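Undergrad: Just need the whole structure built from these sequences, with the hints factored in.
These are the residues of each chain, in order.
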Amino acid sequence: MNTKRSVYQLSILLAVLGLVALGVRFATGHRLAAYGSYVVWGLWVAMYLFFAGVAAGSFMVASLDLLFRVDTFKGTGRIALWTAITSLGGGLLSIWVDLGHLGRIWKVFLEPHFGSVMTQMVWGYSIFGVILVTTLYLAIKKPGSPQLRVAMIVGLAVSIFISGAVGALLGVEASRPFWHVGLLPVQFPFFSATSGVAALLVVIGLLGSPDDPRRASQIRVLGIATDVFAGVKLYFLWAFFSQSLYGNVPENVAAVELLLFGTYWWVFWILQILVGTLIPVAVLAMPRAASGKTAGWMGVLVLLGLAVARVNFVLPALAVPELAALTRAFSGPRLQFTYFPSLLEWGVTLGITGFVMLAFLIGKDRLPLRGEEVA
Amino acid sequence: MDKDIIISMQEELARAIKRPAKERRWLMVIDQRKCVGCYACTISCVAENKLPPGVVYRPVLEDEVGTYPRVSRKFLPRPCMQCDRPPCTNVCPVGATEKGAEGVVTIDYKQCIGCRYCVTACPYGARTFDFGEAYTDGTPEGLPAMVGQARAGAMERSASFEYGRSWPRKGDDSPVGNVRKCHFCLHRLAQGMLPACVSTCIGRATYFGDANDAGSTVARLEGSPNATRLKEDLGTEPRVIYLV
Numbered sequence: 220m221n222t223k224r225s226v227y228q229l230s231i232l233l234a235v236l237g238l239v240a241l242g243v244r245f246a247t248g249h250r251l252a253a254y255g256s257y258v259v260w261g262l263w264v265a266m267y268l269f270f271a272g273v274a275a276g277s278f279m280v281a282s283l284d285l286l287f288r289v290d291t292f293k294g295t296g297r298i299a300l301w302t303a304i305t306s307l308g309g310g311l312l313s314i315w316v317d318l319g320h321l322g323r324i325w326k327v328f329l330e331p332h333f334g335s336v337m338t339q340m341v342w343g344y345s346i347f348g349v350i351l352v353t354t355l356y357l358a359i360k361k362p363g364s365p366q367l368r369v370a371m372i373v374g375l376a377v378s379i380f381i382s383g384a385v386g387a388l389l390g391v392e393a394s395r396p397f398w399h400v401g402l403l404p405v406q407f408p409f410f411s412a413t414s415g416v417a418a419l420l421v422v423i424g425l426l427g428s429p430d431d432p433r434r435a436s437q438i439r440v441l442g443i444a445t446d447v448f449a450g451v452k453l454y455f456l457w458a459f460f461s462q463s464l465y466g467n468v469p470e471n472v473a474a475v476e477l478l479l480f481g482t483y484w485w486v487f488w489i490l491q492i493l494v495g496t497l498i499p500v501a502v503l504a505m506p507r508a509a510s511g512k513t514a515g516w517m518g519v520l521v522l523l524g525l526a527v528a529r530v531n532f533v534l535p536a537l538a539v540p541e542l543a544a545l546t547r548a549f550s551g552p553r554l555q556f557t558y559f560p561s562l563l564e565w566g567v568t569l570g571i572t573g574f575v576m577l578a579f580l581i582g583k584d585r586l587p588l589r590g591e592e593v594a
Numbered sequence: 002m003d004k005d006i007i008i009s010m011q012e013e014l015a016r017a018i019k020r021p022a023k024e025r026r027w028l029m030v031i032d033q034r035k036c037v038g039c040y041a042c043t044i045s046c047v048a049e050n051k052l053p054p055g056v057v058y059r060p061v062l063e064d065e066v067g068t069y070p071r072v073s074r075k076f077l078p079r080p081c082m083q084c085d086r087p088p089c090t091n092v093c094p095v096g097a098t099e100k101g102a103e104g105v106v107t108i109d110y111k112q113c114i115g116c117r118y119c120v121t122a123c124p125y126g127a128r129t130f131d132f133g134e135a136y137t138d139g140t141p142e143g144l145p146a147m148v149g150q151a152r153a154g155a156m157e158r159s160a161s162f163e164y165g166r167s168w169p170r171k172g173d174d175s176p177v178g179n180v181r182k183c184h185f186c187l188h189r190l191a192q193g194m195l196p197a198c199v200s201t202c203i204g205r206a207t208y209f210g211d212a213n214d215a216g217s218t219v220a221r222l223e224g225s226p227n228a229t230r231l232k233e234d235l236g237t238e239p240r241v242i243y244l245v
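First to last, the sequence lines map onto chains A and B.
According to the numbering used here, the stretch in the first sequence is residues 220 to 594, in order.
According to the numbering used here, the stretch in the second sequence is residues 2 to 245, in order.
Misleading hints may appear alongside valid ones.
Said to hold, decoys possible - Subject to a maximum C-alpha distance of 30 Å in a straight line, what follows is the list of computed DSSO-like cross-link-like pairs (lysine-lysine):
(1) A/Lys326 - B/Lys111
(2) B/Lys171 - A/Lys326
(3) B/Lys51 - B/Lys19
(4) B/Lys100 - B/Lys171
(5) B/Lys51 - B/Lys111
(6) A/Lys326 - B/Lys23
(7) B/Lys35 - B/Lys51
(8) A/Lys326 - B/Lys100
(9) B/Lys75 - B/Lys111
(10) A/Lys512 - A/Lys583
(11) A/Lys326 - A/Lys223
(12) B/Lys75 - B/Lys4
(13) B/Lys100 - B/Lys19
(14) B/Lys51 - A/Lys326
(15) A/Lys583 - A/Lys361
What the hints contain is simulated information worked out from the structure, not anything from laboratory work.
Just so we're clear, the structure is a prediction, and the values are computed from it rather than from any experiment.
TA: Okay, here's the thing in structure tokens:
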């Protein structure tokens, strides 16, 4: 069966689901969401972090072609930029629906408090969005121009900054020992780069032309890069968890243990580590096995693992009570320290994924994004 | 017969509100040895501020200590600490929450966008989110002779008067979709009334007043050798003191 057609069909299905879910979200507010007053952020925030990471990472990957002019990646710059644009849109939509007052988002722009890392991040991503559109325009209309190089240099710096800012958003919170580690803002740019590499692997592996002479070498290099980044990711996880456990701060230990051995242990061990890391690493390490569509599917698994990793960063810190006895005080459905996304949250998230995929496919078909279509 | 401490604190409050706001330093002192865990403070706060499900300003934390047969229970009412160095204010992306002139951390409901970043920043779990729900949601309307959802829910839908304004619960308007927290009943203080939790404490375990008034009850208790604050090591400088 034609892969492209299948992806189109899946995207349309998810997008329709998303429209329904968004309609329900707008009509019912937060009443059908499963998060509460203690686990106050859920799937939507985690997916914002994920999509934002893909956006920043895709820009980093685009710089290989459009800034550093790496021959292997020639012709991939514009498609990577388009990936970044669509992912950024998904991320911003995901965080917007999470707000208590959707109509007040303008206040972050017109009445900002710049002392807040969240404000810095919102402004950073907004500026990043402008840079993305500008660079894509220049890449199509004025390829190889000095303006494009300047835009790429500025964009690369911004993409690293905003990736780190996402880590800082959580890392600055001294009240949550699980987040409050200096490693976090350092880790996130690496995660973003991994996301960008995996996204390009999906694009080239699943949707790329088999006739493209560079495709095989691109997949090989992206596969190696994915494996290297996976090693770095695992090292970061080891550093993160071992420091927490050796440090023995009770709230921190509780969060790590919850993640590793709690009710949702399988989310970490099965989805994030086995499916999202080890399987793709093993397959991509075998050049013969990891050619073409197989490599593309491995990219999908890596992205899934990264999305799960975002959930595993956000939730454990919130699922540990700030004061131990809070679990038994004035409890109620919204005053719990457990969380599993509701049907509405899954619907919105799958829908946003569908919007991103559909927008990407339409752009890929309608915009001059391939290398040989340089104006 | 000794004067009830509530009457004394009312008189101290009357003195305090005559002074400029900047010269006042509201302080709450909770004597854990006197708290019997009756939850009157929790419930009076819910009633005073018309708090919906999922929103609680002053839960009472219970802890069982010791081993049988030497076992006892401890109760820790936990209002907002009104920190002098609050971790929750600087994180707000639109400056909707701030340390007010009287030292109380306030939320501007019309400015809050409901991002809940401040909730994650509070080390005491003192901030909660208003999901727009009601305790009477899903209850039957009832027969004509019975009180049904509409009448029973009237209390929930009636306006609260937090921050000196009227906040009826209509659709998704504020305070629905906002983060909410204890504010030491600023609206009551402005009228010379003690916070609801203080007035209703049957064990007289909660004291409140202006610590800048040397003759006040809280000023006297603030320096007690058994006075302590929650998570002192974080350096948040809470304005709620516990006597242990």
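Undergrad: If a hint holds in the structure, say so; if it does not, say that too.
TA: Here is what the structure says about each hint:
no., hint, verdict
1, A/Lys326 - B/Lys111, "11 Å, holds"
2, B/Lys171 - A/Lys326, "22 Å, holds"
3, B/Lys51 - B/Lys19, "28 Å, holds"
4, B/Lys100 - B/Lys171, "28 Å, holds"
5, B/Lys51 - B/Lys111, "18 Å, holds"
6, A/Lys326 - B/Lys23, "29 Å, holds"
7, B/Lys35 - B/Lys51, "27 Å, holds"
8, A/Lys326 - B/Lys100, "20 Å, holds"
9, B/Lys75 - B/Lys111, "38 Å, violated"
10, A/Lys512 - A/Lys583, "18 Å, holds"
11, A/Lys326 - A/Lys223, "41 Å, violated"
12, B/Lys75 - B/Lys4, "28 Å, holds"
13, B/Lys100 - B/Lys19, "21 Å, holds"
14, B/Lys51 - A/Lys326, "27 Å, holds"
15, A/Lys583 - A/Lys361, "19 Å, holds"
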